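Asks: If you want the building blocks of each chain, they are given just below.
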Amino acid sequence: MSVDLDQTPRSLLVCDRSSFLNEKNRISSQVEQLHFNYKVSLLLPECSSAPSHLDAVFNSFNSFYLIRNMPIYELLDKHFLKTAVYQGSVYGVSYRTRIDEDNCVALMPNGHLSLSLDKDSFELLGVEGKPSRFNHRTTCRYVVCVDLTDSSMAPGGRGYQRLLTGLRSRLQLKTDFLLSHHPGGGASLQDLLSRYDWSEHRPDVSSHTLTDLSCPALQSCDLQSCDPHSLLEWIGAVDAHISCENSSSSFLSSLVCPEPKTTVSRALSVSVCGLLLPQDVHRLIQQIRYYLEQPRLESWVSLTVHGFVDSPVSWRGNEHGVLRGGENFYSLLIFHDQTYQLHLATGAHDTCPP
Amino acid sequence: MDEALVQVAIPRDLVDFLRVEPQTNSKAQAFTKAFLRNSTQQQSQLKVQSMLSHKAVILGYSRPKKDKSRRNSKKAKGLNARQKRAMKIFQIKPEHQRYELFLPLHELWRQYITDLCSGLKSTSSPQFIQQKLLKADFHGAIITVVRSKCPSYVGITGILVQEFKHVFKIITKEDKLKVIPKRNSVFAVEINGFVSHIYGSKFEQRASERSAKKFKVRGTIDL
Amino acid sequence: MSPADKKDKPADYQRVVLKNASPYHYMKVCLVLEDESTRLSAVDLKQFIISGLKSLYGEVGAALTFDLLKYDEDTLTAFLRVNSRGLVKLWSSLTLLGSYQNQACAFRVLQVSPFLLALTGNSRELQLD
Amino acid sequence: MVRVKSRYLLCELNVSDRSSLLLLDDRAVSAAVKAAVARTHGDYGAALCSIRFNVKYLNAHTGIVFLRFPKSCYRLLWSALPFITSIETRGQKIPCFFNCLHVGGTIRTCQKFLIRYNKQQLHRMLPTCKTKEEENQVCEAILNCSLTGGRREAFEDEFESEEDEEE
Numbered sequence: 001m002s003v004d005l006d007q008t009p010r011s012l013l014v015c016d017r018s019s020f021l022n023e024k025n026r027i028s029s030q031v032e033q034l035h036f037n038y039k040v041s042l043l044l045p046e047c048s049s050a051p052s053h054l055d056a057v058f059n060s061f062n063s064f065y066l067i068r069n070m071p072i073y074e075l076l077d078k079h080f081l082k083t084a085v086y087q088g089s090v091y092g093v094s095y096r097t098r099i100d101e102d103n104c105v106a107l108m109p110n111g112h113l114s115l116s117l118d119k120d121s122f123e124l125l126g127v128e129g130k131p132s133r134f135n136h137r138t139t140c141r142y143v144v145c146v147d148l149t150d151s152s153m154a155p156g157g158r159g160y161q162r163l164l165t166g167l168r169s170r171l172q173l174k175t176d177f178l179l180s181h182h183p184g185g186g187a188s189l190q191d192l193l194s195r196y197d198w199s200e201h202r203p204d205v206s207s208h209t210l211t212d213l214s215c216p217a218l219q220s221c222d223l224q225s226c227d228p229h230s231l232l233e234w235i236g237a238v239d240a241h242i243s244c245e246n247s248s249s250s251f252l253s254s255l256v257c258p259e260p261k262t263t264v265s266r267a268l269s270v271s272v273c274g275l276l277l278p279q280d281v282h283r284l285i286q287q288i289r290y291y292l293e294q295p296r297l298e299s300w301v302s303l304t305v306h307g308f309v310d311s312p313v314s315w316r317g318n319e320h321g322v323l324r325g326g327e328n329f330y331s332l333l334i335f336h337d338q339t340y341q342l343h344l345a346t347g348a349h350d351t352c353p354p
Numbered sequence: 001m002d003e004a005l006v007q008v009a010i011p012r013d014l015v016d017f018l019r020v021e022p023q024t025n026s027k028a029q030a031f032t033k034a035f036l037r038n039s040t041q042q043q044s045q046l047k048v049q050s051m052l053s054h055k056a057v058i059l060g061y062s063r064p065k066k067d068k069s070r071r072n073s074k075k076a077k078g079l080n081a082r083q084k085r086a087m088k089i090f091q092i093k094p095e096h097q098r099y100e101l102f103l104p105l106h107e108l109w110r111q112y113i114t115d116l117c118s119g120l121k122s123t124s125s126p127q128f129i130q131q132k133l134l135k136a137d138f139h140g141a142i143i144t145v146v147r148s149k150c151p152s153y154v155g156i157t158g159i160l161v162q163e164f165k166h167v168f169k170i171i172t173k174e175d176k177l178k179v180i181p182k183r184n185s186v187f188a189v190e191i192n193g194f195v196s197h198i199y200g201s202k203f204e205q206r207a208s209e210r211s212a213k214k215f216k217v218r219g220t221i222d223l
Numbered sequence: 001m002s003p004a005d006k007k008d009k010p011a012d013y014q015r016v017v018l019k020n021a022s023p024y025h026y027m028k029v030c031l032v033l034e035d036e037s038t039r040l041s042a043v044d045l046k047q048f049i050i051s052g053l054k055s056l057y058g059e060v061g062a063a064l065t066f067d068l069l070k071y072d073e074d075t076l077t078a079f080l081r082v083n084s085r086g087l088v089k090l091w092s093s094l095t096l097l098g099s100y101q102n103q104a105c106a107f108r109v110l111q112v113s114p115f116l117l118a119l120t121g122n123s124r125e126l127q128l129d
Numbered sequence: 001m002v003r004v005k006s007r008y009l010l011c012e013l014n015v016s017d018r019s020s021l022l023l024l025d026d027r028a029v030s031a032a033v034k035a036a037v038a039r040t041h042g043d044y045g046a047a048l049c050s051i052r053f054n055v056k057y058l059n060a061h062t063g064i065v066f067l068r069f070p071k072s073c074y075r076l077l078w079s080a081l082p083f084i085t086s087i088e089t090r091g092q093k094i095p096c097f098f099n100c101l102h103v104g105g106t107i108r109t110c111q112k113f114l115i116r117y118n119k120q121q122l123h124r125m126l127p128t129c130k131t132k133e134e135e136n137q138v139c140e141a142i143l144n145c146s147l148t149g150g151r152r153e154a155f156e157d158e159f160e161s162e163e164d165e166e167e
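From first to last, the protein sequence lines are chains G, E, R and V.
Residue numbers for the first sequence, in the working numbering: 1 to 354.
Residue numbers for the second sequence, in the working numbering: 1 to 223.
Residue numbers for the third sequence, in the working numbering: 1 to 129.
Residue numbers for the fourth sequence, in the working numbering: 1 to 167.
Derived from the structure by calculation, the hints contain no laboratory data.
Among these hints, one or two may not hold up.
Said to hold, decoys possible - Computed, partial: chain E to chain G, Cβ under 10 Å:
| id | residue |
| --- | --- |
| 1 | Met87 |
| 2 | Val145 |
| 3 | Val146 |
| 4 | Arg147 |
| 5 | Lys149 |
| 6 | Cys150 |
| 7 | Pro151 |
| 8 | Ser152 |
| 9 | Asn184 |
| 10 | Ser185 |
| 11 | Val186 |
| 12 | Val189 |
| 13 | Gly193 |
| 14 | Tyr199 |
| 15 | Ser201 |
| 16 | Glu204 |
Unchecked claim - For lysine to any residue, the following SDA-like pairs were computed, each having C-alpha atoms within a straight-line distance of at most 25 Å:
| id | chain 1 | residue 1 | chain 2 | residue 2 |
| --- | --- | --- | --- | --- |
| 17 | G | Lys119 | E | Ala188 |
| 18 | G | Lys119 | G | Asp176 |
| 19 | G | Lys130 | E | Lys149 |
| 20 | E | Lys176 | G | Thr138 |
| 21 | R | Lys54 | V | Ala47 |
| 22 | E | Lys149 | G | Arg168 |
| 23 | E | Lys132 | E | Met87 |
| 24 | E | Lys169 | E | Ser124 |
| 25 | E | Lys149 | G | Val256 |
| 26 | G | Lys24 | G | Val270 |
| 27 | V | Lys34 | R | Gln14 |
| 28 | E | Lys173 | G | Asp176 |
| 29 | E | Lys149 | G | Leu124 |
| 30 | G | Lys119 | E | Lys132 |
| 31 | E | Lys149 | G | Tyr290 |
| 32 | E | Lys178 | G | Glu46 |
| 33 | R | Lys19 | R | Glu36 |
| 34 | R | Lys54 | V | Cys139 |
| 35 | R | Lys46 | G | Ser254 |
| 36 | G | Lys24 | R | Glu125 |
| 37 | E | Lys165 | E | Ser125 |
| 38 | R | Lys19 | G | Leu323 |
| 39 | R | Lys19 | G | Glu128 |
| 40 | G | Lys174 | E | Ile156 |
Since the model is a prediction, treat every value here as computed from it, not as a measurement.
Backbone N, C-alpha and C fix where the C-beta goes; we use that ideal spot for every residue, glycine too.
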């Protein structure tokens with residue numbers, strides 16, 4: 001009998017502090033390794049409307065496609081492999097599948113196909129895989145990861161045939177699928193799209209202005225200036241429109257802004273939702289750096305990027321799962337002197353971020 | 001009557017003739033007793049003596065000869081497992097491992113199943129067919145591995161040529177002989193459109209023993 | 001800023017990994033009532049949750065502090081903040097709360113996370129149709 | 001060796017009127033503890049308290065109680081003891097409180113502790129006696145107890161009673 005009610009599942013928070021000018025900074029790889037981004041939210045203090053160049057970035061986020069009821073073996077289609085996967089930079093993730101109960105699929109830009117399958121589906125599929133790292137006592141979830149660019153997975157090869165027949169005749173896996181590609185990669189998806197019911201979606205941009213916002217006095221100098229958890233809590237509270245104006249004796253909530261604090265007269269919060277590409281996020285970061293180079297009242301900008309909760313992979317193609325929240329996100333705080341603070345957070349079913 | 005005759009007094013005429021005098025009753029009794037004791041004692045002693053000196057006594061126990069002969073005949077009939085293995089009786093020679101060679105066996109098996117299930121019409125109930133199939137012999141059936149804990153077994157199809165307690169040996173269309181463990185796999189058997197699934201883990205018996213076994217009904221079965 | 005300014009600072013790289021360090025956990029819960037027209041105010045909801053804590057964990061449990069950060073009266077959805085040590089107690093008492101004013105009810109725990117930020121970006125809420 | 005481990009709490013029941021102690025029995029104490037746990041820790045505590053909780057020993061003369069708790073949750077259950085203010089028995093409410101003297105893994109260690117504790121108390125109390133008469137009173141009490149205490153309560157009884165006399 002376990003009586004310990006105080007234990008909670010593990011969570012990880014990695015705090016990085018560096019400068020964009022430091023050659024050892026890994027920000028671009030950290031951004032690019034999180035392949036499936038669901039939401040980007042930006043908080044600009046002392047700003048009432050987004051400057052035009054930032055606005056342009058928001059509106060030029062790549063659109064993505066939703067394919068309804070697509071059989072997964074279509075991803076192995078010879079033509080699709082040639083025109084899209086081998087070209088690289090194709091992002092695909094199954095939609096409306098929950099990783100803790102359904103089978104989830106992700107197509108990574110490096111040509112890896114990752115399937116997170118429950119036990120029965122895995123036994124039906126008949127392709128080598130590994131039991132999930134996060135199984136508890138009994139193995140009930142397996143991860144199959146194949147490199148589509150590998151020579152054994154070339155069309156006609158044995159591994160290819162096995163996976164194809166497995167997906168086509170044994171495990172007829174069909175899901176709604178979100179697909180996107182980076183235009184620079186030269187991939188074309190039209191051929192695949194034409195065969196199924198599909199729709200194109202623009203990332204959904206919403207922005208609103210906040211007034212008289214109390215915010216912590218952020219200094220770029222030291223990491224200890226503000227406890228990372230209370231800082232993330234405050235950013236989250238602003239993002240969720242939760243009021244921080246509470247007293248400690250309040251019955252409902254005692255959430256307050258971390259000390260020391262200041263008040264900004266207005267702030268702009270912009271968020272973008274959809275299947276967003278890391279390249280676009282990277283572009284946005286570059287634009288924010290330009291934006292910060294002009295002198296301003298408040299000298300920092302906060303950017304938060306959420307990964308897909310139900311994606312089978314998080315950073316670097318590492319396995320991901322949902323235990324309670326399935327969170328995999330990072331929050332970037334950029335200061336005017338090109339230094340930044342990066343907080344990478346993962347939940348219980350995740351490995352340590354890079 | 002004889003006893004009475006012995007004890008009767010000697011008649012008068014004989015007394016004179018034999019010149020013996022009848023003794024009194026008590027004396028006669030004492031004499032007879034003594035006489036009998038002497039004579040019998042000597043006799044029994046003699047007998048024991050002769051028995052010990054001449055008679056052969058068997059101390060050990062030997063089986064009847066009939067038993068021994070039966071064991072011999074049984075031994076002559078079959079081979080033990082080691083001999084069978086050494087002679088490779090149950091191994092199919094590589095030159096015989098051809099799919100076409102076993103197609104007639106499959107045809108025979110189809111007939112057998114059709115007979116067993118009394119015609120195998122589409123109207124017959126699945127429960128009935130399943131009951132029959134449980135007790136049936138599967139040599140010659142085309143079986144497919146549909147699910148397995150080991151992914152590389154999944155998808156193998158072929159004619160079942162040998163069934164052992166724990167494995168199936170099947171021959172595939174590519175003329176390959178495959179040995180597949182029954183445990184942790186599910187097999188599909190197809191006859192005239194009926195597809196039945198066999199849970200290998202519950203099927204771990206020899207074909208001959210299975211016909212006598214009772215299968216239990218269970219709600220759910222994992223591999 | 002100016003290049004001189006940048007050079008002043010040693011271009012260092014710091015990395016700190018915090019494990020299970022979050023002091024709070026955040027829950028997104030939704031109350032489902034049998035009679036959908038019933039309305040609860042935020043104070044009612046908090047009182048209701050405290051009563052659930054009291055029945056399961058007694059007076060000690062009722063003293064557990066948690067915050068009702070945000071509450072939407074139309075959808076009966078609330079954000080809760082609770083000390084990490086009290087998460088299991090709060091969660092279990094929410095699970096066992098079965099009736100509100102003599103009508104059946106249930107709490108749906110939509111998401112639990114040690115970060116408030118994670119609750120705002122749940123990809124399960126993505127609606128594309 | 002594997003066994004189910006327990007914790008034994010050696011508690012002293014403090015009452016204002018010592019004669020009321022004689023009214024107590026195991027069941028009344030057990031019910032009082034259970035009620036207190038249920039109030040402070042709710043259904044969860046009551047459930048913990050329903051398995052392997054036991055009043056192992058109760059000395060109605062001296063007010064010594066041995067409580068057995070499962071080892072895994074004895075702290076939680078222990079925390080409810082200060083909230084007991086009265087025990088109800090035979091229709092009477094006896095105001096009292098628990099004073100926990102010792103926590104042990106076995107009854108044996110608790111007993112050893114009790115003997116040592118009572119000895120200490122005696123050594124502390126005797127020098128405070130002012131008159132010969134008082135000392136005599138103590139001796140008499142000891143003798144009395146050894147006479148009456150020959151039944152179930154062995155030696156704890158003796159030491160405990162002297163101490164009472166002193167007070």
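Asks: Next step is simple, just say for each hint if it's right about the structure.
Replies: The hints, checked one at a time:
no.	hint	in the structure
1	Met87	37 Å, violated
2	Val145	8 Å, holds
3	Val146	7 Å, holds
4	Arg147	4 Å, holds
5	Lys149	6 Å, holds
6	Cys150	9 Å, holds
7	Pro151	5 Å, holds
8	Ser152	7 Å, holds
9	Asn184	9 Å, holds
10	Ser185	9 Å, holds
11	Val186	8 Å, holds
12	Val189	16 Å, violated
13	Gly193	17 Å, violated
14	Tyr199	12 Å, violated
15	Ser201	12 Å, violated
16	Glu204	18 Å, violated
17	G/Lys119 <-> E/Ala188	19 Å, holds
18	G/Lys119 <-> G/Asp176	21 Å, holds
19	G/Lys130 <-> E/Lys149	12 Å, holds
20	E/Lys176 <-> G/Thr138	35 Å, violated
21	R/Lys54 <-> V/Ala47	15 Å, holds
22	E/Lys149 <-> G/Arg168	20 Å, holds
23	E/Lys132 <-> E/Met87	35 Å, violated
24	E/Lys169 <-> E/Ser124	30 Å, violated
25	E/Lys149 <-> G/Val256	54 Å, violated
26	G/Lys24 <-> G/Val270	30 Å, violated
27	V/Lys34 <-> R/Gln14	54 Å, violated
28	E/Lys173 <-> G/Asp176	37 Å, violated
29	E/Lys149 <-> G/Leu124	9 Å, holds
30	G/Lys119 <-> E/Lys132	31 Å, violated
31	E/Lys149 <-> G/Tyr290	56 Å, violated
32	E/Lys178 <-> G/Glu46	73 Å, violated
33	R/Lys19 <-> R/Glu36	41 Å, violated
34	R/Lys54 <-> V/Cys139	53 Å, violated
35	R/Lys46 <-> G/Ser254	13 Å, holds
36	G/Lys24 <-> R/Glu125	37 Å, violated
37	E/Lys165 <-> E/Ser125	29 Å, violated
38	R/Lys19 <-> G/Leu323	16 Å, holds
39	R/Lys19 <-> G/Glu128	33 Å, violated
40	G/Lys174 <-> E/Ile156	24 Å, holds
Violation of the numbered hints given earlier is confined to hints 1, 12, 13, 14, 15, 16, 20, 23, 24, 25, 26, 27, 28, 30, 31, 32, 33, 34, 36, 37, 39; the remaining hints are satisfied by the structure.
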